[in-house]
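Line by line, the protein sequences give chains X and V.
Residues in the first sequence are numbered from 1 upward in steps of one, following the working numbering.
Residues in the second sequence are numbered from 1 upward in steps of one, following the working numbering.
It cannot be assumed that every hint is accurate.
[Unchecked claim] DSBU-like mimics (lysine-lysine), calculated; alpha carbons at most 35 Å apart, straight line: (1) V:LYS202 to V:LYS235; (2) V:LYS202 to V:LYS20; (3) V:LYS116 to V:LYS235; (4) V:LYS116 to X:LYS93; (5) V:LYS235 to X:LYS93; (6) V:LYS202 to V:LYS116.
Don't read these hints as lab results, they were simulated from the structure.
Each chain, letter by letter, is given below.
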Amino acid sequence: MTPLVVSIAGAVASVVLLLVVFELIRSRRLRERYALLWIATGLVLLGLSAWRGGLNTIAGWVGVTGYPPAVLFAVGSLFILAVLLHYSTVISKLADQNVILAQRLALLEAEVGDGSLDARAPR
Amino acid sequence: MPEVAHAVRVSVDARLAALKRVAILPALNEEGNVGPVIEELRRLDPDLEVVVVDDGSTDGTASVAAQAGAHVLRLPFNLGIGGCVQTGFRYAYEHGFELAVRLDGDGQHDPAELPKILEPVLAGQADIVVGSRFAGTAGYRSSRSRRLGIRLLAWVVSALVRQRVTDTTSGFQAVNRRGIALFAHDYPHDYPEVEATVMVVKHRLRLREVPVTMRERASGRSSITAARSVYYMVKVLLAIFVGIFRRTATPLEDT
Chain X
1 MTPLVVSIAG AVASVVLLLV VFELIRSRRL RERYALLWIA TGLVLLGLSA
51 WRGGLNTIAG WVGVTGYPPA VLFAVGSLFI LAVLLHYSTV ISKLADQNVI
101 LAQRLALLEA EVGDGSLDAR APR
Chain V
1 MPEVAHAVRV SVDARLAALK RVAILPALNE EGNVGPVIEE LRRLDPDLEV
51 VVVDDGSTDG TASVAAQAGA HVLRLPFNLG IGGCVQTGFR YAYEHGFELA
101 VRLDGDGQHD PAELPKILEP VLAGQADIVV GSRFAGTAGY RSSRSRRLGI
151 RLLAWVVSAL VRQRVTDTTS GFQAVNRRGI ALFAHDYPHD YPEVEATVMV
201 VKHRLRLREV PVTMRERASG RSSITAARSV YYMVKVLLAI FVGIFRRTAT
251 PLEDT
């Protein structure tokens, strides 16, 4: 059985995560679409911390016999992986859009006849 | 080839003269090389529009190119060769060009070899023609590791496209309107020639290789180092592998 202290600590950490995410959305520093995975992470970890019998059952399913809170750790890790992977796709999309913008700018500048042809400082 | 006086207009193939045509030169810090290439191209074919895509050069590449009579597209920052070349194809597509040739701005592609590359396109036998350093007897000197890499890629690509391809990294190419349309809409990022070869065949465009001789760089250094070659190799193999599972789309026709 999961020690009670571990369950409480897990629940508190999950609630803190959820509150931070909420505050970031409220202050417009985090868009809702990127917050969804974080909220799911917080809710699932909170659920597994609070529902102690459930954590034990799941630990039994996946063959974790010694220490059920290890499942909490594993689930948390998986969610972090999901968030990171999601960010990689977001970065890829931004990079693609960046290329298109740069190309459009070059084409437009040439059309408008704007922009000097002098050497530029490296960026 | 007989030496022709500069003032004499070289007669251009009638099939070529009928087409709106453009040369695309990607260039990154090539102020020492790009000028002569442009002049040579204009001497060979005065009606050929030369477009230099400046991939964020910090030297005088853009002004040298403009002075030599090229149309210069300046990218605001370095995109890498794929994004750079695609800018040229977008320009060609949007301005209704029917034929595009691509040469490197560093002068290693000899404009005098252009007729060889153009012939299959003009004859309607191919949509894209690639000048290969290895297809014929033409000599090409390169480091051993780099040659090995090129061989390996050639082998992989040949197996995938079920057609013998000897030089998958050659940027010396000619494409017709169909090829321009395809590349304007979809062009691979880095080391694009390898991926583009597979892409072209998957889109059922006809690919042809012709042997060409390439020159040594006139000045400056190639941007490809040994460590980078390995990195590119891994990345390009991944891209090719994933590309096999990508749904093909026929290039958009003109609207």
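Structure-based check of all given hints:
no.: 1; hint: V:LYS202 to V:LYS235; result: holds, 20 Å
no.: 2; hint: V:LYS202 to V:LYS20; result: holds, 27 Å
no.: 3; hint: V:LYS116 to V:LYS235; result: holds, 32 Å
no.: 4; hint: V:LYS116 to X:LYS93; result: violated, 39 Å
no.: 5; hint: V:LYS235 to X:LYS93; result: holds, 18 Å
no.: 6; hint: V:LYS202 to V:LYS116; result: holds, 25 Å
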